[in-house]
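A.B. asks: The primary structure of each chain is shown beneath.
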Amino acid sequence: MSILVNKDSRIVVQGLTGKEGMFHAQQMMAYGTKVVAGVTPGKGGSEVMGVPVFDTVADAVRETGADVSLVFVPAAFAADAACEASAAGVKLVVVISEHIPVMDMIRAKAFLNARGTLMVGPNCPGVITPGECKVGIMPAYIHRPGKVGIVSRSGTLTYEVVHQISQAGLGQSTCIGIGGDPIIGLNFVQLLELFRGDPGTEAVCLIGEIGGDAEEKAAAMVAAGYPKPVFGFVAGLTAPPGKRMGHAGAIISGSKGRAQDKLQAMEAAGITVVRALGEFGATVAAKLK
Amino acid sequence: MNVHEYQAKEMLARFGVPVPKGGLATTPQEAVGVARELGGPVFVVKAQVHAGGRGKAGGVKVCKSIDEVQAAAQAILGIRLVSHQTGPEGKLVHKVWVEAGTDIARELYAAVVLDRGAERLAVMVSPDGGMDIEEVAAKTPERIFSTRIDPGQPLWDFQCRQLLFACGLDAAQVRQGTGLLQALVNLATTKDASQVEINPLAVTGEGKLVALDAKINFDDSGLRRNPDVAALKDPTETDALELAATSLGLNYIRLDGNVGTMVNGAGLAMATMDVIKMAGAQPANFLDVGGGASEEMITKGFEIILDDPKVEAILINIFGGILRCDVLAAGVVGAAKKMDLKVPLVVRLEGTNVAEGKRILDQSGLNFSVAGSMSEAAAKVAKVLEGAA
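Those protein sequences? They're chains U and Y, same order as listed.
With our numbering, letter number 158 in the first sequence gets 159, and the count goes up by one each step, no holes.
With our numbering, letter number 259 in the second sequence gets 283, and the count goes up by one each step, no holes.
Please keep in mind that the hints were generated in silico from the structure rather than gathered at the bench.
Nothing here was measured: the structure is a model prediction, and the numbers come from that model.
Be a bit skeptical, because a hint or two may be false.
Here are some chain Y residues pointing at chain U (derived, C-beta under 7 Å) [claimed, not checked]:
1) V137
2) D139
3) R140
4) T213
5) D216
6) S218
7) L247
8) N250
9) G291
10) D298
11) K301
12) G304
13) F392
14) V394
15) G396
16) S399
Derived DEER-like restraints, expressed as beta-carbon distance ranges [said to hold, decoys possible]:
17) U:G172 x Y:G111: 33 to 41 Å
18) U:E268 x Y:T51: 54 to 62 Å
19) U:G51 x Y:G411: 40 to 48 Å
Sample of chain U residues lacking proximity to chain Y, with all beta carbon distances greater than 12 Å (derived) [unchecked claim]:
20) N7
21) P42
22) K44
23) D68
24) M139
25) G147
26) A260
Don't be surprised by glycine CBs; every beta carbon is placed ideally from N, CA and C.
Using the sequences plus the hints, can you model the full thing?
C.D. replies: What follows is the structure, given as C-alpha cells:
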C-alpha cells in the first residue's frame, strides 16, 4: 500500500519535450512508471520516446486517461500549467519547477483548492512509491519498497534520509518532497493524515527546515493523538538569523521559524527527534525492529 | 531582495502614495543642494543602508537650517552605521536621503505582507506607529488590526474602512487611507513584493496621511518579469563573494567559521553545516551548488570558497540527483589543480554516477580523504583541524 501514487497511476508530463522533461520521463519509464502522455503547446500530434504529445492537458486526459500531472515547465509558465492540469480533471499535480513567483502560487493554489486538486511542490523532487511509481527527479536506486512514509521540505535531504533508511535494512511506502517555497501544495499535516489511513505505512518521518511553522503544526497534530511512530529532523540549527538559505521559506524572522523551537515542539509531541542527520536511519531502524 | 528607503519611497509615489519631497546625496555639498531646493524650514537627513533601527543608531538627523543639513550629512556619510540589524561590523553609509520635515500629529503603521498560513496577502495596520511592530504585537496585540485578501479579489473598500476606523481616523482620513492601502496592495501584486511596510504612516497637522518611512521586500522569483525592480539592487549592500556566487547561479552565504562547505540542495547544505558544528567545528559558508551545476560552476564555487582567507579545511557533501557525481568530481579536480590547494579536503559523494565520481577523484593525485557518511565527513574535518591547531 501507499499514498498518492501507485502502479496504476497514469502520468502526463507537462514539458515532456524539454531537455529536463525528456531525461526524467525516461528515468521514470525505466522505473516502470506509466507515463501515458506529454503536453507541449504547439507540439500536439508528435511523439517522444513512444509517448504521445498533446497541445493541451484536456486532450491528454481525454485520450489517455491520465490522472496525475508532472509539471516541468519553466517558472514563468508553471502556475498556469498547474491550473491547466487541475481544470482538465487530474487528481494530483506534482510541480518540480523552482523560482515560481509567490503571487502566481497564491492564485494557482486557490484555483486548485476550488477544484479539489491535490498538489505536491513546487520546487520539489516529487513523489515516489518505491517499486511501483516514480513521479519526479529523485534517484531511483536509493529507494526500497517498505513501510516507512517520508515527507520532506528539502530535495537532497530527502535522498539522504531515504538512503539511510534503505541502508538500515528498511524501505519506504511513499516518499514526498513537499518543497520549500512559502506557498506549497500538500503539507506535513495533510500528509500525516493520508499516512494515518494507509495500512502499508507503519511509521512516518518528517524532514523539516527553518522558516514557517509547518513543523509546529505537525507536532500539534501528533500531540493530539497519532497511531504510528513519527520521527523528525530539522535542518538549520546553526543558520544565522535573517540569512536566506536558498528556499524562500527558510527565513528566520524574529522568534518564529527557528530550528530550536521546531525541535522542542516535536519532542513535546512525542516525536522521536534526530539531531545529527547521520544517525537518522539507525534511529528509525532501532525503534521499528 | 531589499531596497533602500529612497527607492521604496519613489516606488510608493509611482503608485500614488504620498511621501515627503526629498532628494539623494552622496556628499555634504549635494545634501546642501537638495536642502536649498526643498526650502525648509525643517529637513531630515537619513542614512540609506539596508537595515532597520537607523534612528537609534544615529543615522537619522532632524535639521533646522541648511548648515545643520551640511553638518548632518558630513557626520553620517562614510561612517559604519551599527544598529540591531546590521551586526557588530555595521554598514558603510554611501548615500543620504534629504527630505522636507513633516508636521506630525499622529503616527500609524500599515503593511501588506504574505500570510503563509492563509496562503494569501494580509493587510495589517496599527494606531501605534513609529515603534517596532514586533514589540506592539508582543505587548498589545489588540492594537493590531488585519484582514486577508481573497486570491483574485481586490482589497475591498469596506475592509479598509474596518481597519482604518479601528485606528481612530476620521471619515476624510479613512477615505484617503482606503486609497493608500489599496495602492500598497496594487504595488505588492504588480511588482511581486512579498512585504510592503510603512512605519510610521504619519497623520500631518493638516490631517493628511504621508508615508514617512518605507521598507519593501521583493520576491526574488519575480525579478525577471520586473526589470525596473531588479535594477534597484545595490551591489554595495552585498558581500563581494556572495555577489560573485550569485552571478554564477550559486547560492553562497559567508559565515564566520573555518570549514568551507560545498553541498547540493539548500536543506542538505544547512544539515551539513549543522553536523560540522556538532562535530565541534564551525562552517565558513553556506554554498548550495543546486541541482544543475556544470563543471565550470563547481570550479568557480570552489574558488569562491578558497577566496575566503578564513577557510582552513573544506568539506564537500554531494548527494547526486540531477547533479551527477562525476561532474562534481571533475570540477573539484580542475579547481584544486588550478588553485594549488593547500587546505585539507574531505569529500563525501553519493547518488547518480558515484562510482565514476570516486574514480576521477582517486586518479587525480589530489590529497583528500573520502567519507562514507555525513557524520564521518564532519568528524574527519574536525579531526584534521585539530591536527593543524
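A.B. asks: None of the hints should be skipped; say for each whether it holds.
C.D. replies: Hint-by-hint comparison with the structure:
1. V137: Since chain U brings no Cβ nearer than about 10 Å to Y:V137, farther than 7 Å, the hint is violated.
2. D139: Violated, about 10 Å.
3. R140: 5 Å, holds
4. T213: 6 Å, holds
5. D216: At 5 Å from the nearest chain U Cβ, Y:D216 passes the 7 Å test, so the hint holds.
6. S218: 6 Å, holds
7. L247: 9 Å, violated
8. N250: 9 Å, violated
9. G291: 2 Å, holds
10. D298: Holds: closest Cβ of chain U sits about 5 Å from Y:D298, inside 7 Å.
11. K301: 4 Å, holds
12. G304: Violated - the Cβ of Y:G304 stays beyond 7 Å from chain U, reaching only about 12 Å at its closest.
13. F392: Hint violated; Y:F392 Cβ to chain U Cβ min 19 Å, cut 7 Å.
14. V394: 15 Å, violated
15. G396: 10 Å, violated
16. S399: 3 Å, holds
17. U:G172 x Y:G111: 33 to 41 Å: 46 Å, violated
18. U:E268 x Y:T51: 54 to 62 Å: Taking Cβ atoms as reference, U:E268 and Y:T51 lie about 56 Å apart, which means the hint holds.
19. U:G51 x Y:G411: 40 to 48 Å: Violated, since U:G51 and Y:G411 (Cβ atoms, about 57 Å apart) do not stay within the stated range.
20. N7: The claim holds: U:N7 sits with its nearest Cβ about 23 Å from chain Y, beyond 12 Å.
21. P42: Check passes; 19 Å lies beyond 12 Å.
22. K44: Non-interface label on U:K44 holds, nearest chain Y Cβ at 23 Å vs cutoff 12 Å.
23. D68: Non-interface label stands for U:D68: nearest chain Y Cβ at 25 Å, farther than 12 Å.
24. M139: Check fails; 6 Å does not lie beyond 12 Å.
25. G147: 19 Å, holds
26. A260: 8 Å, violated
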